[in-house]
Every structure is written in C-alpha cells, then in structure tokens.
Amino acid sequence: MQKGLNYLLDKYSVGTEAILSPDGKTVKINGENVPVLAWESERRFIELRGLVMTGRLGNMCTYRIGHTAKKGTCLFELLAREIGILEFTVNSKTTEIFAIAGNNTMNCIVETENGCVCTIELGATLEEGEKDIDKHEIITDSGVACDRVVDTQMPQQSIYVYGKKQEAYMDTDAELYGYKECEINTIRATFANAKSPEICKEKCAKWAHIEKVLAAAKASLDTLENIKVEV
Amino acid sequence: MKRLKIAMMSMTHGHTRKYYDVLKNNPKLEWIAVSTANNEVKEIFLKSVQGIPCYDSDEAMIDAHPEIEAVVLASENSEHLRQVRLCAERGINVLSMKIPTFDMDEYAEMERLIEESGITFQIELELHYNPVVIRTKELIEREAMGKMEAFNATNITLSPVWAFPWQGVPEKSYGKRVQIKPGHDKFRGGALCDHPHIFDLIREVTKSEFDIIFAKVAPNMRHDIEEEDMLAVVGRMKNGVIFSLDPSWSRAENKLKVPGPGWEVFPKRMEVNLVIHGTEGSVFTDCFGPNTYHNGSPENKYTVQYTYFDEWVGLIDEFVENIDKKRLPKINIGWHKNTIKAMNAVYESIATGKAVKL
Numbered sequence: 001m002q003k004g005l006n007y008l009l010d011k012y013s014v015g016t017e018a019i020l021s022p023d024g025k026t027v028k029i030n031g032e033n034v035p036v037l038a039w040e041s042e043r044r045f046i047e048l049r050g051l052v053m054t055g056r057l058g059n060m061c062t063y064r065i066g067h068t069a070k071k072g073t074c075l076f077e078l079l080a081r082e083i084g085i086l087e088f089t090v091n092s093k094t095t096e097i098f099a100i101a102g103n104n105t106m107n108c109i110v111e112t113e114n115g116c117v118c119t120i121e122l123g124a125t126l127e128e129g130e131k132d133i134d135k136h137e138i139i140t141d142s143g144v145a146c147d148r149v150v151d152t153q154m155p156q157q158s159i160y161v162y163g164k165k166q167e168a169y170m171d172t173d174a175e176l177y178g179y180k181e182c183e184i185n186t187i188r189a190t191f192a193n194a195k196s197p198e199i200c201k202e203k204c205a206k207w208a209h210i211e212k213v214l215a216a217a218k219a220s221l222d223t224l225e226n227i228k229v230e231v
Numbered sequence: 001m002k003r004l005k006i007a008m009m010s011m012t013h014g015h016t017r018k019y020y021d022v023l024k025n026n027p028k029l030e031w032i033a034v035s036t037a038n039n040e041v042k043e044i045f046l047k048s049v050q051g052i053p054c055y056d057s058d059e060a061m062i063d064a065h066p067e068i069e070a071v072v073l074a075s076e077n078s079e080h081l082r083q084v085r086l087c088a089e090r091g092i093n094v095l096s097m098k099i100p101t102f103d104m105d106e107y108a109e110m111e112r113l114i115e116e117s118g119i120t121f122q123i124e125l126e127l128h129y130n131p132v133v134i135r136t137k138e139l140i141e142r143e144a145m146g147k148m149e150a151f152n153a154t155n156i157t158l159s160p161v162w163a164f165p166w167q168g169v170p171e172k173s174y175g176k177r178v179q180i181k182p183g184h185d186k187f188r189g190g191a192l193c194d195h196p197h198i199f200d201l202i203r204e205v206t207k208s209e210f211d212i213i214f215a216k217v218a219p220n221m222r223h224d225i226e227e228e229d230m231l232a233v234v235g236r237m238k239n240g241v242i243f244s245l246d247p248s249w250s251r252a253e254n255k256l257k258v259p260g261p262g263w264e265v266f267p268k269r270m271e272v273n274l275v276i277h278g279t280e281g282s283v284f285t286d287c288f289g290p291n292t293y294h295n296g297s298p299e300n301k302y303t304v305q306y307t308y309f310d311e312w313v314g315l316i317d318e319f320v321e322n323i324d325k326k327r328l329p330k331i332n333i334g335w336h337k338n339t340i341k342a343m344n345a346v347y348e349s350i351a352t353g354k355a356v357k358l
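Quick mapping for you: the protein sequence lines, in order, are chains A and B. First residue of the first sequence? That's 1 in my numbering, and the numbers climb one at a time after it. First residue of the second sequence? That's 1 in my numbering, and the numbers climb one at a time after it.
Misleading hints may appear alongside valid ones.
Each computed EDC-like pair below joins lysine to aspartate or glutamate, with the alpha-carbon atoms no more than 16 Å apart [unchecked claim]:
id	chain 1	residue 1	chain 2	residue 2
1	A	K70	B	E109
2	B	K354	A	E96
3	B	K255	B	E299
4	A	K71	A	E130
5	B	K354	A	E225
6	B	K354	A	D222
7	A	K135	A	D151
8	A	K135	B	D286
9	A	K71	B	D286
10	B	K357	A	E225
11	A	K218	A	E230
12	B	K18	B	E126
In silico contact screen, one side only, chain A against chain B (beta carbon under 8 Å); selected entries [stated by the list, open to error]:
id	residue
13	Q2
14	N59
15	G66
Quick caveat, the hints were computed from the structure, so don't treat them as lab data. Note that the coordinates shown come from a computational prediction; the quantities given were computed from them, not determined experimentally. Cβ atoms here follow ideal geometry from the backbone N, Cα and C, with glycine treated the same way.
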C-alpha cells in the first residue's frame with residue numbers, strides 16, 4: 001500500500017511525507033500518527049453520504065447495518081468501523097448505544113444526534129479466504145438508500161469468471177488498478193490525509209469520538225443499560 | 001369424505017383475501033358463509049367472491065347456519081375476545097389472526113374460554129408453512145452453522161393502514177390508546193402489532209425463551225399515522241443466543257384502498273430475512289425470495305413481483321387435521337402467550353428506555 005500511496009504523492013506533487021502503519025489503520029504525517037478511517041474513501045459510502053448531504057433523502061428514521069467477518073476478527077474493531085461509517089454517511093454523531101454480545105457476535109442499537117436509530121449486527125464467523133458480507137441501508141421519511149441491490153443480502157462483484165476455476169473481481173479504481181478494494185480505500189484515505197492538515201485534524205477528532213462510543217458499548221455490555229455518549 | 005363446515009368473521013383483516021382460494025378449493029372444507037363488519041368490506045368481498053352467503057353480523061350468520069363447525073376470525077384485534085366468547089359458547093372451533101390480544105387479562109379469559117369449551121383454537125402464523133423457513137429449521141437442527149450464537153431477523157413491510165384502517169387505530173390494533181413513550185406523539189399499535197412472526201420463530205428455533213429485550217422507536221416514516229412505524233429490537237434469549245429483530249413498516253407504499261398492483265413505492269413490499277450466526281459459520285435466509293422484477297403497469301416503476309408461497313394451504317390443512325384428531329395446535333393459545341409477552345416487553349422498553357428482563 002505504501003507503494004501506491006507514494007505513487008499518488010509523487011504524481012500529484014504532494015510534498016508531505018506519509019508513512020502508513022503495517023496494519024493500515026494509521027499514517028504518520030509530520031511525525032504525528034493520524035487515523036486513516038479508510039471507509040471515508042470507500043466509493044459506496046461516499047455515494048451514500050452524498051445522497052444524505054444533497055438532500056435527496058428525507059429526514060432520518062432508521063439505519064440497518066450488518067457485517068459478518070472472518071472468525072477471530074475483533075468485534076470492537078468491526079464496531080469501530082461501522083460506527084465510523086454510520087457517522088460519516090449520515091453526518092451525525094452517536095449520542096447513545098445499547099450493546100449485547102455472544103462469543104463471536106454483537107448486536108447494538110445506536111442513536112445519532114439527528115435522531116437516526118441504527119441497528120448494528122456483527123458476526124465473526126466466516127472461514128479464512130471468505131470475503132466479508134456487509135450491508136448498509138439508510139431509511140428516511142422520503143426514501144431508502146442502500147449499498148446492496150434490492151432483494152439481496154450478498155455483496156456483488158464487478159466480474160465473475162466461470163472457467164476451470166471460479167474467479168471474481170471487484171475493480172473500483174483505474175488509477176490504483178491491481179490493488180485490492182480495501183487497499184485502495186486505505187491508500188485513498190491516507191492520500192486525503194497527506195493533502196490536508198484540516199482533514200487530519202477532523203479525523204483525529206472523529207476517532208476520539210469513536211473511541212468514546214466503543215467505551216460506551218463496553219459499559220453497556222457490562223451493565224445491560226443504554227449508555228449516553230458525550231458528543 | 002366429511003368436509004369441515006367453515007365460515008369467516010368480520011373480513012377486515014389484511015389476510016382476509018389470502019383465505020379465498022384455500023376455502024374454495026381445499027377438498028376438506030365446505031365454505032358456508034361470511035359475516036362482514038361494515039359495508040366497505042362487504043362490498044369488497046362481494047366483488048371478490050361469488051356464491052357465499054354474506055351476513056351483517058356474526059350472530060346473524062351463526063344463527064342462520066348452526067352447522068358451522070369452525071371460523072376464521074378475520075377481524076381487528078379489538079374484536080377477538082368478543083368473537084372467541086361467541087364461538088366458545090357455540091362450540092365453534094377458531095382459527096385466530098396472529099394477535100389474539102395484547103391485554104394479558106383478556107388473554108387469560110380467552111385461555112379459560114378455550115379450556116372450558118374444548119374448542120380447537122389455532123393461531124395463524126403462516127411463516128411456519130413457508131418452505132424456506134422449513135429448510136432453515138432443518139439447517140439449524142443439523143447445526144450447519146454450528147451451535148447458534150445469534151438470530152437476526154427482519155419482518156419489514158409496507159404499512160397496511162390505508163387498506164385496513166383499523167390497523168391505524170390504537171384502540172383497535174393494540175386494544176387501547178397508550179403513548180409510545182412519554183412526550184411522544186405516536187401511540188402503540190403500529191408496526192410491532194403487525195409483525196409477531198419473528199418473535200415466534202426465534203422461540204421455536206432456539207428452543208428457548210426471551211430473557212432480555214431492549215427496544216427503541218425511531219422517527220416515523222409516515223407522519224400522518226398515529227402509531228409507531230419504525231422500531232429496533234435487540235436482546236438475548238435465556239440460552240444465551242443474542243438477537244436483533246426489525247418489525248418495522250419501513251417500505252413505503254401508495255395509499256391503496258384495496259391491495260394490488262401499484263401498492264409499492266419502495267420496489268419490494270415485504271421482506272423476512274434471517275441472518276443466523278453460529279460457532280462454525282452463518283446462514284443467510286431470504287424467506288420470500290428470490291423474486292421476479294419488472295417495471296410494468298400501473299406505475300412503470302421498478303418493482304419486485306413478490307413470490308407468493310401459499311402458506312395458507314399448509315396452515316388450513318393443519319387446522320382441519322387438528323380439529324379432526326382433537327390435537328392441540330402447534331401455535332396454540334398457551335404457546336403464543338410468551339410471544340405476546342415479549343412484544344409487550346418491546347413496548348415497555350421503548351417507554352422506559354431500559355432493557356426489560358423477562
């Protein structure tokens with residue numbers, strides 16, 4: 001990913017040095033670690049946010065999020081991502097959360113400042129090599145927006161090959177052609193950080209808030225209470 | 001072959017029309033008569049079905065037809081107790097709609113009436129007769145996903161209140177007028193009251209009962225109805241399985257007086273999806289899919305042509321057999337009580353803002 005990032009920094013003459021962490025979750029810019037928040041550069045979430053921000057949808061009602069990942073995935077890591085996606089796409093912060101969990105599953109009800117009531121259903125059950133299965137559906141009083149086709153639950157790919165072996169490809173970025181989708185999102189989000197100190201500042205604040213939501217979720221799991229989150 | 005002499009009462013329930021074919025065509029049934037609650041449903045019925053006597057009151061119908069052995073209570077929830085009394089007095093077996101009542105005192109009285117009269121009382125929860133659900137139960141039984149850890153389900157539809165107005169009246173749907181939570185402008189009786197199926201199914205497949213329920217009401221999609229239409233429910237069963245249940249009316253509709261083509265605004269009118277996580281994997285189920293898609297008339301908008309699995313065939317077969325063999329129905333008044341208690345706990349959690357321990 002660093003190679004792809006360096007390519008963009010060089011091509012667009014961005015003079016900032018940016019070093020991605022091995023897990024791709026933070027980037028060191030001018031000696032400071034900044035959260036990447038890769039989902040903010042994921043095309044489908046940019047489009048969902050666009051539908052909200054341009055007023056093409058109505059007032060928020062509910063938001064349904066489901067994410068099933070590989071066995072062993074940390075549920076709080078998944079929750080952090082989904083809270084980030086929720087807040088980014090509806091442009092509003094979490095104000096309260098109720099969470100309940102099993103061994104490899106967690107369900108939450110989250111409310112945001114703009115009144116959206118969101119369910120987040122998490123599971124870490126898939127085998128190694130399986131692609132995550134997720135779905136994000138915003139339901140308003142004047143329209144629904146979703147990153148999955150109506151009447152489906154499974155993510156689709158751009159290309160399916162039925163030859164001697166079955167293959168599937170998801171290509172979303174010609175400039176970074178050849179990188180995996182999650183790598184492209186990380187490179188793009190890091191590149192956005194490198195270009196703008198303002199974005200770095202915003203992302204630090206957003207991550208600090210997500211950490212508060214995670215702490216509230218942990219408190220809810222311990223107490224079985226709906227926990228308020230300071231905005 | 002002796003045929004069961006059956007009738008329908010009220011004809012105001014959303015499922016009324018689902019019985020027309022099965023009552024006409026099931027060889028084990030003889031459709032004797034119907035009683036209608038008002039002129040509007042009478043007119044709809046008379047346009048839809050010919051040759052079945054139609055009466056203006058339940059009493060008039062059963063007085064005129066003492067041969068009636070069973071009835072389908074196709075009525076608003078607020079009428080159920082009165083009709084159960086009437087049927088119990090006359091020894092008429094009952095197929096009840098999905099909510100006998102939300103009032104637990106009324107519920108106890110129904111239990112007593114059924115016990116004392118000895119009638120068969122079956123509750124209509126058609127998901128039990130859905131082939132996808134039958135397959136899912138098999139997969140759970142053989143632990144295709146390992147030991148169950150989470151059961152997440154949607155039971156989301158458009159709102160039926162424009163076609164079936166009683167569902168928009170708190171007193172008729174919930175049984176009384178209760179604010180959904182203090183200071184809120186909506187009342188109990190909306191989407192939750194329409195969607196007990198997933199609260200029932202989880203009890204069956206987990207072989208467990210509700211332990212903890214937490215729920216929140218969301219801002220309404222429909223500002224012009226009095227009841228809740230959007231809500232979220234999470235919690236845990238006594239055996240540790242966690243759940244997330246969505247019984248919302250989250251699919252927008254055109255305000256048709258009689259359901260038919262063009263009802264949908266959102267392309268799909270109804271969805272029951274299950275995501276079941278286990279120790280070894282997950283099962284994703286679409287109980288009403290895949291479907292057929294079109295943008296034909298009347299609106300030329302992209303629409304999911306709902307695949308009609310006729311659950312009512314199996315449901316009626318079981319009802320007839322239960323009466324014939326004097327067998328306790330699977331969805332009987334006793335079994336269903338904990339489903340109703342769980343739904344009441346959802347309303348309690350919404351009102352108090354706290355998790356409810358059952």
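Going down the list of hints, with the structure as the test:
Taking the CA atoms of K70(A) and E109(B), the gap is about 50 Å. The hint is violated against a cut of 16 Å. Only pairs whose Cα atoms come within 16 Å are accepted, and K354(B) paired with E96(A) is accepted, the gap being roughly 12 Å. Between the alpha carbons of K255(B) and E299(B) the distance comes to roughly 14 Å, so the proposed pair stays at or under 16 Å and holds. Between K71(A) and E130(A) the alpha-carbon distance is near 10 Å, which keeps this suggested pair within the 16 Å criterion.
The suggested pairing of K354(B) with E225(A) holds, with an alpha-carbon distance near 6 Å, which does not exceed 16 Å. Restraint check: the Cα-Cα separation between K354(B) and D222(A) comes to about 14 Å, which is no more than 16 Å; the hinted pair holds. Between K135(A) and D151(A) the CA atoms are separated by roughly 12 Å; this keeps the pair inside 16 Å, and the hint holds. For the hint pairing K135(A) with D286(B), the CA-to-CA distance comes to about 14 Å; that is within 16 Å, so the pair holds.
Distance check on the hinted pair: K71(A) and D286(B) sit about 23 Å apart at the alpha-carbon level, beyond 16 Å; violated. Annotation: proposed proximity of K357(B) to E225(A) holds, straight-line Cα distance about 12 Å (limit 16 Å). Using a Cα cut-off of 16 Å, the hinted pair K218(A) and E230(A) holds, with the two alpha carbons roughly 15 Å apart. A C-alpha spacing of about 11 Å is found between K18(B) and E126(B), which places the hinted pair at or below 16 Å, so the restraint holds.
Because the beta carbon of Q2(A) sits about 34 Å from the nearest beta carbon in chain B, more than 8 Å, this interface hint is broken. Interface restraint check for N59(A): the shortest CB-CB distance to chain B comes to about 6 Å, inside 8 Å, so the restraint holds. Because the closest C-beta pair between G66(A) and chain B is about 6 Å apart, less than 8 Å, the hint holds.
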